[in-house]
Amino acid sequence: MAAISREEVAHLARLSRLAVTETELDTFAGQLDVILQAVARVGEVTAADIPPTSHSVPLTNVLRDDVVVPGLTPAEALSGAPDAEDNRFRVPRILDEEA
Amino acid sequence: MADLTRLTATEIAAHVAAGEVSAVEVTRAHLDRIAAVDERVHAFLHVDADGALDAARTVDARRAAGEELGPLAGVPVAVKDVLTTRGVPTTAGSRILEGWRPPYDSTIVERLRAAGTVMLGKTNMDEFAMGSSTEYSAYGPTFNPWDLSRIPGGSGGGSAAALAAYEAPLAIGTDTGGSIRQPGAVTGTVGAKPTYGGTSRYGLVAFSSSLDTPGPCARTVLDAALLHAVMGGHDPRDSTSIPQPVPDVVAAARAGATGDLTGMRLGLVREFATEAGGEPGVTAAFRDAVDALTKLGAEVVEVSCPHFEYALPAYYLIAPSECSSNLARFDGVRFGLRAGDDGVRSLEEVMSLTRDVGFGAEVKRRIMVGTYALSSGYYDAYYGQAQKVRTLISRDFTAAFEQVDVLISPTTPFVAFPLGSRTADPYQMYLADLFTIPTNLYGGPAISVPCGLSEGLPVGLQVMAPTMADDRMYRVAAALESAVGTLTPPAL
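Order-wise, the sequence lines are chains A and B. Oh and the first sequence: position 50 is 50 in the working numbering, straight run, nothing missing. Oh and the second sequence: position 278 is 278 in the working numbering, straight run, nothing missing.
Where hints are given, some of them may not hold.
Claimed, not checked - So these bits of chain B aren't anywhere near chain A, every CB distance computed over 10 Å:
hint	residue
1	Met1
2	Gly70
3	Arg95
4	Thr258
5	Leu268
6	Gly297
7	Glu348
8	Glu349
9	Met351
10	Arg365
11	Val404
12	Thr486
13	Pro490
As the list claims (entries may be wrong) - Here are the computed distance ranges between Cβ atoms for each label pair:
hint	chain 1	residue 1	chain 2	residue 2	range
14	A	Asn61	B	Ala18	44 to 52 Å
15	B	Glu348	A	Asn61	46 to 54 Å
16	A	Leu63	B	Arg6	47 to 55 Å
17	B	Gln428	A	Leu63	43 to 51 Å
18	B	Gly384	A	Leu63	28 to 36 Å
19	B	Arg101	A	Ala10	31 to 39 Å
20	B	Arg237	A	Thr27	38 to 46 Å
Read the hints as simulated data drawn from the structure, not as lab findings. Using N, Cα and C, we set each Cβ at its ideal position, and we do this for glycine too.
Turn these sequences into a full structure, and let the hints steer you where they fit.
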C-alpha cells in the first residue's frame with residue numbers, strides 16, 4: 001500500500017469537514033500511514049466466498065404503531081443549539097455572495 | 001456503622017432496605033469522599049450533588065411509606081459521560097459538547113432512576129470513547145487510584161477509577177473494544193460487557209453502532225450482576241435491542257460464589273499465548289488464576305481461534321468507519337459548540353472550524369481513517385475485508401463454544417502503564433485492547449475480574465461466553481472471585 005501523502009490527508013480532512021493545520025497535516029500523514037499499513041492485514045485471510053458480517057445480531061426493521069406520542073417541545077429541541085431564531089435553528093449563510 | 005463508602009452495593013441496599021442507614025446518609029458519604037479525593041483522581045467530569053440528594057430523599061420517603069424497594073434502591077451510581085442525562089451535562093469527554101444538557105434521559109439512566117439508584121454524576125472518559133487510557137479526554141486525564149502516575153484504562157477510566165477510589169460503589173460504562181473490561185482490569189475492579197443488544201443504546205452518544213455496548217462496573221461480581229439485571233433487557237426504542245429477557249445473571253453470580261465449577265469446561269485461546277507484548281507478570285498472575293479455577297473443579301483445555309490475530313486490524317477499520325459516519329452530526333448546527341460564525345464565513349467553513357476546535361487528535365485520526373476506508377476505491381480493500389474478518393472471528397467463537405463453555409484470557413497484555421508512555425504512537429495504544437476486541441466483533445458477553453497483582457498493580461482475567469449466555473460468565477467470574485478475593489488499593 002502506498003504511503004499516505006500530505007495531499008491525501010488534506011483531501012480526507014476536506015471530506016470529513018475538518019480544518020486541519022499545516023503541522024497537523026504532517027503529523028497525521030505519518031500516523032495514518034502506520035495505522036493503515038497495520039490494518040491492511042485484513043486482506044490476508046479473506047476469501048471471496050466469505051460473507052461479510054455487518055452486525056452481530058440479525059437486523060430487522062422495527063416499527064411502532066402510528067400513534068401520536070409527546071415529543072420534545074421546540075424549546076427543548078433548541079435548548080442546546082448554538083444559535084436559534086424564530087423557533088428554528090439559525091445557521092451561518094449557505095450561499096456565496098455571488099450566488 | 002463502618003465507612004459507608006467501603007461497603008458493596010449489595011450491603012448498602014440491604015442496610016437501606018432494613019432502615020439501618022438512610023439513602024441520604026449513603027449519598028452524603030460518597031459526595032464527601034468525592035470532595036476529598038477527586039481533585040487527585042479526576043474520575044468525575046460533573047457531580048450532581050443536588051440531584052443525587054433529591055433521589056436519595058425520594059428513596060427514603062418510599063421506604064418510610066412502606067413501599068417495597070428494588071435490589072439496588074438507595075445505592076449511588078456513577079454514569080459514564082457518554083449516556084444522556086436529562087438536564088445534567090453530557091459531553092462524551094469532548095469540547096464539542098461542552099455545557100450541553102440533554103433534554104432527555106437515555107434508557108439506561110431512565111431504568112437506573114426507576115430502580116431507585118442515586119446518580120452521583122458523570123465520569124471522565126476518552127473523547128467519544130476513543131482511547132485505551134482516558135488520556136484523550138478533552139478535560140484532562142483520570143489517574144489510577146492504585147498509582148496516580150498511571151493510567152486508569154480507557155475509555156471508561158473515570159467509571160473504573162471512581163470505584164477503585166471508593167467514590168461510588170457502582171458505575172456504568174460502555175464497551176466498544178474493551179472500554180469497560182480494560183479499565184476494570186487495570187484498576188482491580190469488575191467490568192462486564194453484556195451481549196450486544198442485551199443493553200439499550202438509546203441515548204448513548206454513538207461511537208461505533210454495531211459494537212457499542214453499555215454495561216455494569218462494580219467492585220464485586222455480584223454487584224455487577226445486580227446492576228446488569230437493572231439496566232439490561234429489551235428496549236423498543238433501540239432497533240438492535242434483543243427482544244429477550246436478560247439471563248438470570250444474579251442467580252449465576254450467587255451460584256458461582258459457592259466456588260464450585262465442577263463440570264465446567266474453560267478454553268484457553270492458543271493464539272493469545274503467542275501474541276507479542278504480554279508482560280511476564282500478567283502471564284504469571286493469569287496462570288495462577290487458571291490453577292485456582294482448576295482447583296474449583298473446572299476442566300481447562302486449549303482451543304484454537306486462528307483468526308483472532310486479525311481482530312485488531314478489523315476493529316480499527318470498522319470502528320473508525322462507523323465513527324466517521326456517527327460523528328457527522330457534530331456540525332455546530334443543532335447542539336454543542338459553534339466556532340468561526342462571524343457572518344462572513346460560509347456554513348461549510350463554520351462546520352470545519354467547529355469540528356477542528358471541538359475534536360481532539362484521536363477523534364480526528366479515526367474520522368480520517370474511517371473516511372479513507374469508506375471512500376471510493378478503498379472500500380473493498382479495507383472496510384469490506386474487515387467485515388469478512390468479522391465473519392471469520394464469529395466462526396472461531398462458534399467452533400470454540402462447541403468444545404468449551406467459556407473462553408478465558410488475561411484482560412490486558414500489560415498492567416496500568418505510566419501516563420504519556422503510549423500516546424506518541426497511536427497503534428501501540430491500540431494494542432491495549434488486543435484480548436478484548438474479538439468479543440466485540442462477535443457480539444458475545446465478556447467480563448473482567450481481578451485475578452492478582454503484578455508489580456503491585458492489578459491484573460484482570462477475562463471470561464468470554466456465547467451470545468445471551470451472560471449468566472455463564474458471571475458464574476465463572478464469581479467462582480474466581482471466591483478463590484482470589486477482591487483487591488484493595490492503597491489508601492489515597
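Now for the hints, and whether the structure bears them out:
no., hint, result
1, Met1, "42 Å, holds"
2, Gly70, "26 Å, holds"
3, Arg95, "13 Å, holds"
4, Thr258, "32 Å, holds"
5, Leu268, "22 Å, holds"
6, Gly297, "31 Å, holds"
7, Glu348, "7 Å, violated"
8, Glu349, "8 Å, violated"
9, Met351, "5 Å, violated"
10, Arg365, "6 Å, violated"
11, Val404, "20 Å, holds"
12, Thr486, "31 Å, holds"
13, Pro490, "36 Å, holds"
14, A:Asn61 to B:Ala18: 44 to 52 Å, "48 Å, holds"
15, B:Glu348 to A:Asn61: 46 to 54 Å, "34 Å, violated"
16, A:Leu63 to B:Arg6: 47 to 55 Å, "49 Å, holds"
17, B:Gln428 to A:Leu63: 43 to 51 Å, "46 Å, holds"
18, B:Gly384 to A:Leu63: 28 to 36 Å, "30 Å, holds"
19, B:Arg101 to A:Ala10: 31 to 39 Å, "36 Å, holds"
20, B:Arg237 to A:Thr27: 38 to 46 Å, "40 Å, holds"
In this structure, the hints that do not hold are numbers 7, 8, 9, 10, 15, in rising order.
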